[in-house]
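Line by line, the protein sequences give chains H and C. Under our numbering, read the first sequence as residues 53 to 141, first letter to last. Under our numbering, read the second sequence as residues 1216 to 1754, first letter to last.
Since the hints were made in silico from the structure, they are not lab data. Everything hinted at is true.
Keeping only pairs whose Cα atoms sit at most 25 Å apart, straight-line, the calculated DMTMM-like set for lysine to aspartate or glutamate is:
| id | chain 1 | residue 1 | chain 2 | residue 2 |
| --- | --- | --- | --- | --- |
| 1 | C | K1327 | H | E91 |
| 2 | C | K1653 | C | E1676 |
| 3 | C | K1329 | H | D96 |
| 4 | H | K129 | C | E1471 |
| 5 | C | K1327 | H | D96 |
| 6 | H | K129 | H | E63 |
| 7 | C | K1718 | H | D86 |
| 8 | C | K1616 | C | D1649 |
| 9 | H | K84 | C | D1303 |
Among the chain H residues that face chain C by a calculated CB cut under 8 Å, a handful are:
| id | residue |
| --- | --- |
| 10 | D96 |
| 11 | S97 |
| 12 | R122 |
Predicted, not measured: the structure shown is a model, and the values here were computed from it. Ideal Cβ positions, reconstructed from N, Cα and C, are used throughout, including at glycine.
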Amino acid sequence: MSGVQEGPSMEQQIREYINQEFVAGQEIPQIKDDTELIESGILDSLSILRLVLFVEERYSLKIAPGDVIRENFETVKAICGYVRKRKTQ
Amino acid sequence: MKAPFLLHQLLAESAQEVPDATAVRSRSQQLSYRELDRLTDGLAAMLQARGLKRGDRVGIYVPKSLASVVSIYSILKAGGVYVPFDPDAPPDRLSYIAKDCDVRILLTCSQKTKRVDEIISKDSPVTTVVLVDCDQDGEKPIPWTPQNSKVSAIGWDKALSNGPPSADVGGSEADTAYILYTSGSTGVPKGVMISHRNSLAFVEWAAECVGLKPGDVVACHAPLHFDISTFSIFSACRAGASTLMIPERAATFPAELSKMIEAERVTVWYSVPSVLTLMILYGDLPARDLSNLRAVVFAGEVFPVKFLRQLMSVIPHARFLNWYGPTETNVCTSYEVTGLLPDSASLPIGKASSGDEVFALTNEGNTMMVPGETGELYVRGPTVMQGYWNDPQKTQAVLVKDPLNPTSEEKVVRTGDFVGIDQDGNYLYFGRKDGMVKTRGYRVELGEIEAALYSHPEVNEVAVVPVKNELAGNLLHAFVSLHEGSPLTEDKILAYCAARLPKYMVPDAVSIEAALPKTSSGKTDRVALSARVSGGVKG
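Using the sequences plus the hints, can you model the full thing?
Here it is, written out as structure tokens:
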């Protein structure tokens, strides 16, 4: 790991993507890193898929179908945790 | 055995024949047929005590759970008509529906009470709200007093303490059983009225077609306001099989869904194709044991053959059925996929089902007979709806005189769907003749979205165009031009839609334009707009 942080953090980038793509169309406040994304209905099956494609492209990794599960996607924090884990593997 | 002529008689029979079999399961909770029968007797009696009369409409506003099925049978047993409210729809739309069909009693559950307060505010016809908290095992319900002081709330504990419903409220197969609200082109949803006879014609045919029997586990993936749900609820009940209610949020992750199919030993699946496509791509299907799954049925949109083939190769032992029919007729044609089709082929919708007759008329008004012709599909028979609630004008446009038999009193449904026919007499779906599109399996009138956008005072012009998408069928892209100097943003426009339309109708993207392109005749050039987004909705 480089440890060098440039520009917005991963949390910020993913939060912004979700806010822009999925929250804008709903009458709810902007999300935070620990906002529950699934039970709250912010993300549905199709938006999860778009998020997966975004994360794959943005962070240059391939997400296996078996990894597209609740514990990896239920909050921005969880998504970043998953991406970091994958990046260090 | 007497032939049932009312939907809830199916429950009475299964409670007699297989009392201890599981009728419905959700998360880790379940009810046997005996329990479901007794519980719904009690609740039906309470509804009657609260003044419910035969033919009265009762709203159901619950997430998918045991409460969904308990509510349905309680209302039917009491002689009422059930009206499912989309749990994800904005309160304004639900208050409209409550007013439109005069819902005085609303069945809901504790977790929805905040939203209920919004729905029943002001001039709502609702006077009684019943909390059907049968899923909250041991959990104490949160005390709730409706903000609208004219409304009384009945807790689950009180709802339970009733005896069976008064001996016989009467009932005819011609009574309305439920009203399903679908998108309407003029800006407000319209209520499709389905009688017991309409529903039973499909329910019984479908149970036979799939060969449902005790021991089958039938997954209920669709929401209650989508007629796909009637198969997993009523056809399963007729066969003494079990219904597995899949909670909305459990369906978010394809891998969770496929895990549930494995763990719950689902034997019969019926959903829109896009759900199956997502499971093929992200459901990790090869890692699952799907040996129990013996029939996969899909309807509501066109299933791309390449995904269907992949599905068939992962579950080679299962039967695959393509069903077709608008809400106005439920399923009226069926096609069993037996061989492998080339990727380029389109899947036939098949031949008439549910005791219906279907035929297509060409532009010249002739019956379409041979491959190569195109015609509009008509449906005659027992599943044909009673009409749209409180809307004779729209009813007349869709329920028309039988063009093949003009002296007959019997009305047929003019579907607005263009079809062809193949060598074997199977119908092929070509498309719509109007502004209706399918997205995620839901039918959406583009005009309804446009009407919602036009209602904004700063909006000048609007056009919503469908964008073909492999997973969703179509995504929706709204083009909007604004009055000069308007500070509206794309996000604000989306939020405005979200407050007025159910989630599946909110556009996937919005573009603000200086002006919309016009054709030579001065109409909005939808073709040009479509071409602009044919590469896909951004994101």
